[in-house]
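Visitor: Taken in sequence, the protein lines are chains F and H. Everything in the first sequence is counted per our numbering, starting at 1 for the first residue and increasing by one. Everything in the second sequence is counted per our numbering, starting at 1001 for the first residue and increasing by one.
Fair warning: there could be bad hints in the mix.
Stated by the list, open to error - In silico lysine-lysine, PhoX-like type, Cα no more than 25 Å apart, as pairs:
{"hint": "1", "chain 1": "H", "residue 1": "Lys1208", "chain 2": "H", "residue 2": "Lys1193"}
{"hint": "2", "chain 1": "F", "residue 1": "Lys58", "chain 2": "H", "residue 2": "Lys1208"}
{"hint": "3", "chain 1": "H", "residue 1": "Lys1116", "chain 2": "F", "residue 2": "Lys58"}
{"hint": "4", "chain 1": "H", "residue 1": "Lys1248", "chain 2": "H", "residue 2": "Lys1208"}
{"hint": "5", "chain 1": "H", "residue 1": "Lys1193", "chain 2": "H", "residue 2": "Lys1129"}
{"hint": "6", "chain 1": "F", "residue 1": "Lys58", "chain 2": "H", "residue 2": "Lys1193"}
{"hint": "7", "chain 1": "H", "residue 1": "Lys1129", "chain 2": "H", "residue 2": "Lys1116"}
Hint data in this document are derived by calculation from the structure and do not stem from the laboratory.
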Amino acid sequence: MQSAVNMWPLLGVAVIVLGFLLRLHPVLVVVAACFTTGFAATMPVEALLASLGTAFVKTRNLPMIYLLPLAAIGLLERFGLREHAQAAVARVRSATAGRLLIVYLAVRELSAALGLTSLGGHPNMVRPVVAPMAEGAAEVRLAAHGAVLDEAQRHRIRAMAAATDNVGLFFGEDIFVAFGAIVLMQTVLRAEGIEVDPLHMALWGIPTAISAFIIHAWRLRRLDRYLAQGIA
Amino acid sequence: MIIRVEYFYWLLGILLALVALMSFGDRSNPRRWTTGLFWALYAVVYLAGEDLPPSMAGLAMIVMALLAGLGGVRSGKPDVLPEDARRASAARLGHRLFVPALVIPAVTMAGATLLKDVRIGDLFVMEQKYLTLVSLGCAAVIAVGVACWLTRSTPLQAGREARRLVDAMSWAIVLPHMLAVLGLLFSEAGVGKAVAQVTTSYIGLDSKLVAVAVYCAGMALFTIVMGNGFAAFPVMAGGVGVPVLVAKFGGNPSVMAAIGMFSAYCGTLMTPMAANFNIIPTALLDLPDRNAVIKAQVGTALPLLGANIILLYFLL
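One chain only, chain F, in its complex shape:
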């Protein structure tokens, strides 16, 4: 091969893959990968530490998104927000966990497509409202047939609630013209000498956005069928 590209930094990727496969502690795996990558790129320890520190301070805006809402959400939970979300949905007789999450998927994807990406999220919507509502709907459904929700089913519903938020956000926001990904694509293509209209890229995202909705909604229907297995 005629390449001058240094292949050694790939060792860091190998450490990550191996660490996650062996189910070692993720934080230790990440730090081990940092050191492996740094040494493979022949950085001295002092420079590597400084490089890590600069990056650590620079990216400290990232955890804010899920840390800042915690005080308000925690206080509301103390006074029964989750219990109320469950009780409120229990009154809607046609509600099932799957149907409720399909509605949430539609709302999340459409609002993200309009640029309203902050209208959901795991700390401020999924944990206090969406997941308890889905669990509540399933509990009422099963109770009507004299069955109870077991732990595995409960965990499955919560995981699907979190997944629904992610799917709605990812495949909605990319058809919003002013979203960062569109700007990034335009910049990358411009560097390659190709001019594209952001509106066209947003429009060509729509077939995938619709596919994502259909596939995930079908899986939420299957969640209902899985939950109904407990009913004899």
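Got chain F; can you put chain H on it based on the hints?
Guide: Frame of chain F; chain H shown alone:
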């Protein structure tokens, strides 16, 4: 700027310092000294920020990783109201409980759209570079105020509740942060170039279907490794998208870009590296399996990746 992002870094720093103090004094936590030290170090990163010498910040990160990795970060016994008290309070407050929870998205949206480019005199009201984050910060503060008023509680109680949730999520809180550091280090060390070299030099791209499949699957795989579609896109678009799909097969660059980015997002759904989307929720929802959310998403991500390959093949 009138409202700067630093104010919220300091606010979070104060909250983390409070968590550290409460941890030191929590006798129900078997590892209260190491737990407290972990949160104190994190508080320093937010309070000192850029004033911290880079190598000291790096050292703080390593010490935090070791404390968490060796089991030094635990939680105490949370002080929660009994369930019947919570139910009684839920019945009393009713739908009003949703109001502060909805204040957070509503104020964030209002700030990010209405206060963009707004200035008083020569000063922007919000720091424009971090507009969403600053709006979210204001929203969180207002929501705490409304929640305190509604429940007749003090901001200190809100701080205790924040600590309860921080304690429950434990070290998972810093995982996305450390992965972001690793991502920056990866690009500094040239990992992207090496991966592109491997994917493009070993696979024949003579048939259009193979080229489309390699492009989409490469986006997803690269994102699984890096944890971020934004890192994958320049590499795969530059390596396969532009030279092969556009130049050789005469494809429409807009379609290539849009579906390529969505293929990268299929990868995001399947990787523990995207910890803020995939690992944090398992901590927030008390799921015992760290990979529960990823497992729930694979069934959507793989068929969607297939759909992307078919769509790109016919729309290109």
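Visitor: Does each hint hold? Answer for all of them.
Guide: Evaluation of the provided hints:
no.: 1; hint: H:Lys1208 / H:Lys1193; verdict: holds (24 Å)
no.: 2; hint: F:Lys58 / H:Lys1208; verdict: violated (42 Å)
no.: 3; hint: H:Lys1116 / F:Lys58; verdict: holds (23 Å)
no.: 4; hint: H:Lys1248 / H:Lys1208; verdict: holds (9 Å)
no.: 5; hint: H:Lys1193 / H:Lys1129; verdict: violated (29 Å)
no.: 6; hint: F:Lys58 / H:Lys1193; verdict: holds (23 Å)
no.: 7; hint: H:Lys1129 / H:Lys1116; verdict: holds (10 Å)
Hints 2, 5 from the earlier list are contradicted by this structure; the remaining hints agree with it.
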